[in-house]
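Student: Chains as they are written, first to last, in our numbering: chain A, 1 to 112; chain B, 1 to 115.
Misleading hints may appear alongside valid ones.
[As the list claims (entries may be wrong)] Here's a subset of chain B near chain A, in silico, CB distances under 7 Å, partners left out: (1) Pro43; (2) Leu46; (3) Ser94; (4) Leu104.
For the record, the hints were derived by calculation from the structure and aren't laboratory data. Backbone N, C-alpha and C fix where the C-beta goes; we use that ideal spot for every residue, glycine too.
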Amino acid sequence: DAKTTQPNSMESNEEEPVHLPCNHSTISGTDYIHWYRQLPSQGPEYVIHGLTSNVNNRMASLAIAEDRKSSTLILHRATLRDAAVYYCILRDVTKDDYKLSFGAGTTVTVRA
Amino acid sequence: DAMVIQNPRYQVTQFGKPVTLSCSQTLNHNVMYWYQQKSSQAPKLLFHYYDKDFNNEADTPDNFQSRRPNTSFCFLDIRSPGLGDAAMYLCATSSASSGRNSPLHFGNGTRLTVT
């Protein structure tokens, strides 16, 4: 399985954008890039996913490099509620299962 | 409004005493998952069901079993808990009909303490 690499931690100020990088240099053509986040004392929640084109939703934006070897999750205006562990995960849509495997993730701290 | 419900939120068991954790869902999703999350670690997949088909991860200890009597309910049985099994146990669901990118919906977990 293709792996992802994320920084262990990042800090941000409230109301400022947060750019969370993810490297996936061995990504295959059938891997989608998924992001989940886990707030303290809660289960993970889905944030966004994409294949090649940049994606936007109400929670965040996902910018995918042209060669797909890296991607960036963008939180446009961080709030204290965005403090969480953010996981970048690859899902191969050709695989005959529905598994989702988590890597280490990035712990995001938001300063008031 | 909760869609994936795990009970209880906290569970204490004794070393070697069997324990069962419960998960129910109101989403009618056909895929259900159990994850183990130890302190400061990422969730680790133990097994998942596609409908009634059980899929065990290769490194899941035999001490962990699961039952899924119907679409809505799934149980995690730990036959002889050891101190190393103390963790947060997370249940999740997804809809296969929405494709392999279908998001997982997680419950808030059951924190298991082994004394």
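Student: So which hints don't hold here, by number, going up?
Tutor: 2
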